[in-house]
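Enquirer: So the chains spell out like this:
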Amino acid sequence: MNRVGYIIVGILLLAVAFFAYQQYSARRIAEIGLSNQYTKSFYELSASLNSASINLGKALVSSSSSQTAQSLAQVTRDSFSAQAYLTSMPLPLNMLLRTSKFLNQLGDYALSLARASAATPLTDNEKTTLRELFDNSKSLAKQLEDIQMKAEVGRLTWNDLSTESKQDPAKPEPFKDGFQLISDEMDRVPSLTYDGPFSDHMENLTPKGLVGADISRDEAERKAEQVVSQATKTKVDMHFAEEVKGKLAAYSFASKSGTMRIDISKKGGSVLQLFNSRNVVSTKISVAEAEKKAAEFIKAQNWPQLETTYPLVEDHTLLLSFVPLENGVLIYPDQIKVEVALDNGEILAQDSLSYIMNHYTRNLPPPSISASEAEAKLSKELKAIKTNLVVIPKTDATEAYCYEIEAQLKDSTENFLVYIDALTGTEVNILYIIPSGKGTVVM
Amino acid sequence: MRRLLKIVLAVLALSLSAFLFFWQPSSYASPQRYSGNIDLLARVIAAESEGEPFEGQVAVGSVLLNRVQSPLFPNSIASVIYQPKAFESVSNGLIWRRTPSNAAYTAARAAINGWDPTYGCIFFWNPSKKVSAWIWSRKIIRWIGNHVFAR
Chain A
1 MNRVGYIIVG ILLLAVAFFA YQQYSARRIA EIGLSNQYTK SFYELSASLN SASINLGKAL
61 VSSSSSQTAQ SLAQVTRDSF SAQAYLTSMP LPLNMLLRTS KFLNQLGDYA LSLARASAAT
121 PLTDNEKTTL RELFDNSKSL AKQLEDIQMK AEVGRLTWND LSTESKQDPA KPEPFKDGFQ
181 LISDEMDRVP SLTYDGPFSD HMENLTPKGL VGADISRDEA ERKAEQVVSQ ATKTKVDMHF
241 AEEVKGKLAA YSFASKSGTM RIDISKKGGS VLQLFNSRNV VSTKISVAEA EKKAAEFIKA
301 QNWPQLETTY PLVEDHTLLL SFVPLENGVL IYPDQIKVEV ALDNGEILAQ DSLSYIMNHY
361 TRNLPPPSIS ASEAEAKLSK ELKAIKTNLV VIPKTDATEA YCYEIEAQLK DSTENFLVYI
421 DALTGTEVNI LYIIPSGKGT VVM
Chain B
1001 MRRLLKIVLA VLALSLSAFL FFWQPSSYAS PQRYSGNIDL LARVIAAESE GEPFEGQVAV
1061 GSVLLNRVQS PLFPNSIASV IYQPKAFESV SNGLIWRRTP SNAAYTAARA AINGWDPTYG
1121 CIFFWNPSKK VSAWIWSRKI IRWIGNHVFA R
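Here the protein sequences come in this chain order: A and B. Just so you know, the working numbering puts 343 at position 343 of the first sequence, and the rest follows in order with no gaps. Just so you know, the working numbering puts 1035 at position 35 of the second sequence, and the rest follows in order with no gaps.
Be careful, since some hints might not be right.
What the hints assert, rightly or not - BS3-like cross-link-like pairs, simulated, lysine-lysine; straight-line CA separation at most 25 Å: (1) 256(A) - 245(A); (2) 1129(B) - 150(A); (3) 1129(B) - 245(A); (4) 292(A) - 235(A); (5) 247(A) - 1139(B); (6) 266(A) - 1085(B); (7) 1085(B) - 1130(B); (8) 1085(B) - 171(A); (9) 208(A) - 1139(B); (10) 176(A) - 1085(B); (11) 1006(B) - 176(A); (12) 176(A) - 150(A); (13) 1139(B) - 267(A); (14) 1139(B) - 245(A).
As the list claims (entries may be wrong) - Away from chain A, derived, C-beta distances all over 12 Å, residues of chain B: (15) 1076; (16) 1079; (17) 1080; (18) 1085; (19) 1089; (20) 1097; (21) 1102; (22) 1123; (23) 1127.
The hints are simulated quantities; they were obtained by calculation from the structure and are not laboratory data. Think of the CB as a built atom: it goes at the ideal place given N, C-alpha and C, for glycine as much as any other residue.
Excised from the complex, chain B in its bound form:
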């Protein structure tokens, strides 16, 4: 009886972990609301620059907007944000998992109003995370918080 109980428990634990492993909530890929570019921009800013100084958040917004203007990248803000492999937080759905803070919205508006602490940069990365080697060949303009900004 005891052995049986053990087996049943083991199978239950196994199926539970399998369930947790495979199950994915279907909601975080679906936008709850869309109120134009500022919202999308604020979401990427919030996800990509959590814990960064305010200037660093504006800088991330500037990079997104500078990409729209650059011949090297897509020509609209949504296409820049959703370009495959461009932003990790977009690929893993993080941008839709939480509501951006007020600071992220303020930073997005500041970037839209034209503030550009990056002086025209189109790349940023966090050197403490894994990055592709080629990115270091871009011209580095400045560091803000934990991010490197480059053209």
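Here chain A stands alone, though its shape is the one from the complex:
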């Protein structure tokens, strides 16, 4: 009897051992696969960075403007891909932030230089900056080589990398230590200032459209209740929830149920954002009716004259943008967005951030070319339908003063928006209008 028992136990133990071994090998294969991914990323990062640094050198010493532009374009490609590989490394986020910024700005800056260098040779200032970037990127590439040698990157396992902090502070971890060292060194690199979406000046933008004196919390509360009551057409009690800090300092208020939120700026008491999280499940009023309600609502706040653009219908709500008109020119950067529920016409949301950040009086000169001259600049494939004077925002927070020409591709129903600079006549941007039942969607 006992022997049978031992045999059964023995078989079970064997089964468990077999099962455990299977799990162990599966885990090992998965781990190797994973660390191979990271090793690949590391080598790609190293290679992209080397290439970026070599091309920076070439751009610096070339005497031909087309060669310079070509090298700079390569720098952009390389540093953006280096940034992508860097941010796929399994390292604590704070170790990567500074280096990531360096690579993004390098790519961005090289792109802006490549564009400029096609027209005019590099200035002495630009050459000095390029020289610094060349030196910095070379030293970064060298540090990566060091990490590669010290850490034996290919042998690192998931376990080596996945721990958040060091178990033993005295024990060297060449991989993490190396990236920490790079990050520390990057902190000493002065940041780049230029016109591009990743430039530091994008972080330091200050609101241009915030006017008026500071208001008290009580005044803000009265304003909040007044606006929310207007939005819902019922009396709503709003209570103070918190202060919003930063460049757009504000008082935030919430309704008792928490479904309504509104932020009122401390300076000037403007509505920054309004939110109603109510679910809308049916459509009972027309889009035209909803547009009228939005216009009435926005008119009650003290904005200058605003024009309606781009209606978008989605999930039983209407999203509408209002932009100011300055001497017949639509100022697109200064948008205020309003959302209307299509069941009862209630205002669900308002977002005035773009307006508050960008609005000022542009004092635009009359255009240097006429509307028909601008239309004549269109590609022969397009036929103009409608032309407006507009100011458009660019990705680097600068603006362009343009003719906006809605045009149709020949022998089709495909529409495009083409932007021709009103002063120089150059083509600034093209947007494709995506046909949709929802409204105007552009890309």
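Assemble chain B onto chain A, guided by the hints.
Expert: Coordinates of chain B only, in the frame set by chain A:
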């Protein structure tokens, strides 16, 4: 006989617990469907801001979108979401374990349409959970529900 039964039961219990301990369903890592960025965004919103007010859900979506624009982070929404160590719910597979609620989708669309209750924040965290100390050095803009939002 009784002793034998005991041993067999113990071994069975042991192997069952070993099985439960090691076994992992292979399905939750695999996306059932992918319908573009809104779905992925809604999934992270749902997993990261469960139980948060609607505004807090939009805010999480805004942080993700703000990261795409920031030089400090990857430059596409998928790379931001899948950056190693960026989101716990992505590392532990939670985002694919349940279907996001309608509210999460509405919040994702609101964020894509440009609503940003965080005023440009690129970090958020729940102070009641374990967080890295460095994160408190970022500039805090506001609190929504249980989350702190910072630049």
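Enquirer: Checking against the hints above, which ones are violated?
Expert: Of the numbered hints given earlier, those the structure breaks are 2, 6, 11, 15, 16, 17, 18, 21 and 22, listed in rising order.
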